[in-house]
Amino acid sequence: MSVRAGGGTADSPGMVSDARRGRRTGKPGNHPWRNLLFALPALIAVALFFYASIAFIVNASLADWNFIGAPKPVGLGNFQRLLVDPIFGKAVIHSILYGGVVLFAQAAIGLGLAILVSGRVKFGAFYKTLFFIPVIIAPGILAYVFRRLFDPGGEMSQFMHGIGLGQLWQPWLAYPETALWAIIAMGIYSGMGGAFLIYSAALTQIDREILEAAAIDGASGRQSIRYVVMPLLKGTHAIFAIFGLGAAIGVFDIIYLSTEGGPARATETISTYLFKKSIVEFKGGYASAISLVVLVVGLLLTFAILAFLRERPSRKPKEA
Amino acid sequence: MFFGATLRSRVGVQILLIITSAIILTPLAAAVSTSLAGDGAGNYAQVLTLPQFYRFFLNSAFVTAVTIALVLVIDTLAAFAFSKLDFRGRDILFGLILIGLVIPGVVLVVPIFYLIKSLGLINTYWAVILPKTALLIPLTLLIMRNFFNGISNELLEAGRIDGCSSLQNLRLVLLPIARPALAVVAIITFLSTWNETFLGIIFLQKEDLQLITQVPNYFLQLFHLQIGEIFAALLLISLPTIIAYAALRKVVETGVQAGMGK
Numbered sequence: 040m041s042v043r044a045g046g047g048t049a050d051s052p053g054m055v056s057d058a059r060r061g062r063r064t065g066k067p068g069n070h071p072w073r074n075l076l077f078a079l080p081a082l083i084a085v086a087l088f089f090y091a092s093i094a095f096i097v098n099a100s101l102a103d104w105n106f107i108g109a110p111k112p113v114g115l116g117n118f119q120r121l122l123v124d125p126i127f128g129k130a131v132i133h134s135i136l137y138g139g140v141v142l143f144a145q146a147a148i149g150l151g152l153a154i155l156v157s158g159r160v161k162f163g164a165f166y167k168t169l170f171f172i173p174v175i176i177a178p179g180i181l182a183y184v185f186r187r188l189f190d191p192g193g194e195m196s197q198f199m200h201g202i203g204l205g206q207l208w209q210p211w212l213a214y215p216e217t218a219l220w221a222i223i224a225m226g227i228y229s230g231m232g233g234a235f236l237i238y239s240a241a242l243t244q245i246d247r248e249i250l251e252a253a254a255i256d257g258a259s260g261r262q263s264i265r266y267v268v269m270p271l272l273k274g275t276h277a278i279f280a281i282f283g284l285g286a287a288i289g290v291f292d293i294i295y296l297s298t299e300g301g302p303a304r305a306t307e308t309i310s311t312y313l314f315k316k317s318i319v320e321f322k323g324g325y326a327s328a329i330s331l332v333v334l335v336v337g338l339l340l341t342f343a344i345l346a347f348l349r350e351r352p353s354r355k356p357k358e359a
Numbered sequence: 010m011f012f013g014a015t016l017r018s019r020v021g022v023q024i025l026l027i028i029t030s031a032i033i034l035t036p037l038a039a040a041v042s043t044s045l046a047g048d049g050a051g052n053y054a055q056v057l058t059l060p061q062f063y064r065f066f067l068n069s070a071f072v073t074a075v076t077i078a079l080v081l082v083i084d085t086l087a088a089f090a091f092s093k094l095d096f097r098g099r100d101i102l103f104g105l106i107l108i109g110l111v112i113p114g115v116v117l118v119v120p121i122f123y124l125i126k127s128l129g130l131i132n133t134y135w136a137v138i139l140p141k142t143a144l145l146i147p148l149t150l151l152i153m154r155n156f157f158n159g160i161s162n163e164l165l166e167a168g169r170i171d172g173c174s175s176l177q178n179l180r181l182v183l184l185p186i187a188r189p190a191l192a193v194v195a196i197i198t199f200l201s202t203w204n205e206t207f208l209g210i211i212f213l214q215k216e217d218l219q220l221i222t223q224v225p226n227y228f229l230q231l232f233h234l235q236i237g238e239i240f241a242a243l244l245l246i247s248l249p250t251i252i253a254y255a256a257l258r259k260v261v262e263t264g265v266q267a268g269m270g271k
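Those protein sequences? They're chains F and S, same order as listed.
Just so we're on the same page, this note's numbering is the position in the first sequence counted from 1, plus 39.
Just so we're on the same page, this note's numbering is the position in the second sequence counted from 1, plus 9.
Heads up, a few of these hints could be off.
To be verified - With a straight-line Cα cutoff of 30 Å, these simulated BS3-like cross-link-like pairs (lysine-lysine) come out:
1) F:Lys111 x F:Lys322
2) F:Lys111 x S:Lys126
3) S:Lys259 x F:Lys273
To be verified - A short list of chain S residues far from chain F (calculated; beta carbon distances all over 12 Å):
4) Gly51
5) Tyr63
6) Pro113
7) Tyr134
8) Pro189
9) Leu191
10) Glu216
11) Leu218
12) Ala242
Claimed, not checked - Output of the computed footprint for chain S on chain F, the stretches with three or more beta carbons under 8 Å from beta carbons of chain S:
13) 95–107
14) 118–127
15) 131–137
16) 187–196
17) 211–219
18) 248–256
To be clear, the hints were calculated from the coordinates, so they are not data collected in a lab.
Being a predicted model, the structure only gives us computed values, none of them experimental.
Glycine is no exception: its CB is placed at the ideal position from the N, C-alpha and C atoms.
Only chain F is shown next, with the shape it has when bound in the complex (with noise of 0.2 Å):
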């Protein structure tokens, strides 16, 4: 409608054709290379760093190469060492562990502090600040900071000391027993807020009529929860997920910072190990085998989690 009206207003016949044409087409004069032209610098930087990359990762992966020397073709030598190397093991393993737990938790902390602050809660606006903070300091800084708590010597320690509950606080960094779970901790602690903000906005998106709907025929509170808005979060459980599950196979910092994978390897994670093998030790084609695997797998699980949503829809309304 309001292009027939401007059309009228237009000086020449000319651009009111082209806006006809351009009602088809998208574009007036449809030029669809000079279109493309606009989303020239994004494909390239996206082809350039994550195709090309792939790309470069998967012929590497093939050879012996220090980055500097010529590749020396190994064939699946680096995959057959791979399989066998304990060390990568143990790091499939602790991010495995990583990732699965601080997921949960982050998700199902970051689910009910949502739910807590929805409605109209004194303080509301400081507490949704506060719980992203967080999120917002560096986690290189984090680490620093939680390897001081963890100190015996540290404040954290005397205090606990000073109430009497010294014995519960341990340097448990320094243990190998205890160390993922203090890393395990950090993670939670770091990323939680990030959890919070989606399901906060997840919230605010349902629908008020239906919440009302529900009270009206006398579910609680609880009810609510159960029956109306868990069905609903499907979609954000699998955002979370899938974005988390970058997060957690990247996690780098708050380990390299605070343990660098130790003590005795027991927070050596894909992370840290990609680090050690490619920066450290320049072990490029070897690196790029870790690589590859870690990226068929990471994909692999979510598309695993892309059609699991397809397949249960989300919600469908109980009488025809």
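Here the structure of chain F is known, so what remains is to put chain S in place on it, guided by the hints.
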């Protein structure tokens, strides 16, 4: 929204929120108290007299500013193309960019290291700026394109009829409306770049060039500073992001909704 207005439920909610707040605040409080160890506020004064501290600060500010500018320009142009223009393969190309969302940057470390090394960019700001910009594009472009999708095409038609070219339409019609999306993308890019550690560790070995997230290590190794001074530095580093976020929280929340939604 889910809990009644009775005193009991309101008190229950507050108790849970206060416990969570206490858990979140404990490490931060420990950091503040550590930063005052020894000389008290003098630790902050000590850090602020170190010329290196400003050097690191300016390095991070420069890298962050350039990255934000690049991301905004690239995203705006591309979001316009993917949302409002037609060209062959548009949806497939956008899908290919979105796959980047689920590729963790760390698995790209070998090729990125080789690329930056081959271009002779090690120990330059570009070693951080270029990979950072590229890795942020999938997420920020998705947010921006979702926002552009919400802007009526009729506005552009009107612009066209008034004789705007595509570029003029983008500049004069879309950009003024898209300011909230630009703000969200700028904030995400700011937080991500200001807090970047990995790329700094890999590419910036020269002290003059290092990022603010590399400060603790540098101070630990070279100045034998006391723990109090180091923590004073850590808190000073974190201040800009905390202030930025507290001031702009609403914008970020709107942006997350826009990025997830519709």
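Hints, one by one, checked against the model:
1. F:Lys111 x F:Lys322: Distance of about 12 Å is within 30 Å: holds.
2. F:Lys111 x S:Lys126: Holds, because 20 Å separates the two Cα atoms, which is no more than 30 Å.
3. S:Lys259 x F:Lys273: Holds: Lys259 (chain S) and Lys273 (chain F) sit about 25 Å apart, inside 30 Å.
4. Gly51: Holds, since 18 Å exceeds 12 Å.
5. Tyr63: Tyr63 (chain S) is indeed farther than 12 Å from all Cβ atoms of chain F, at 18 Å.
6. Pro113: Violated, because the least Cβ-Cβ distance between Pro113 (chain S) and chain F comes to about 4 Å, which does not exceed 12 Å.
7. Tyr134: holds (17 Å)
8. Pro189: Answer for Pro189 (chain S): holds, closest chain F Cβ roughly 14 Å.
9. Leu191: holds (15 Å)
10. Glu216: holds (17 Å)
11. Leu218: holds (17 Å)
12. Ala242: Violated: least Cβ distance 9 Å, not greater than 12 Å.
13. 95–107: n = 4 at 8 Å, threshold three: holds.
14. 118–127: violated (count 0)
15. 131–137: violated (count 0)
16. 187–196: holds (count 5)
17. 211–219: Answer violated; 0 residues pass the 8 Å Cβ test.
18. 248–256: Violated, because only 1 residues of the segment 248–256 of chain F bring their Cβ atoms closer than 8 Å to Cβ atoms of chain S.
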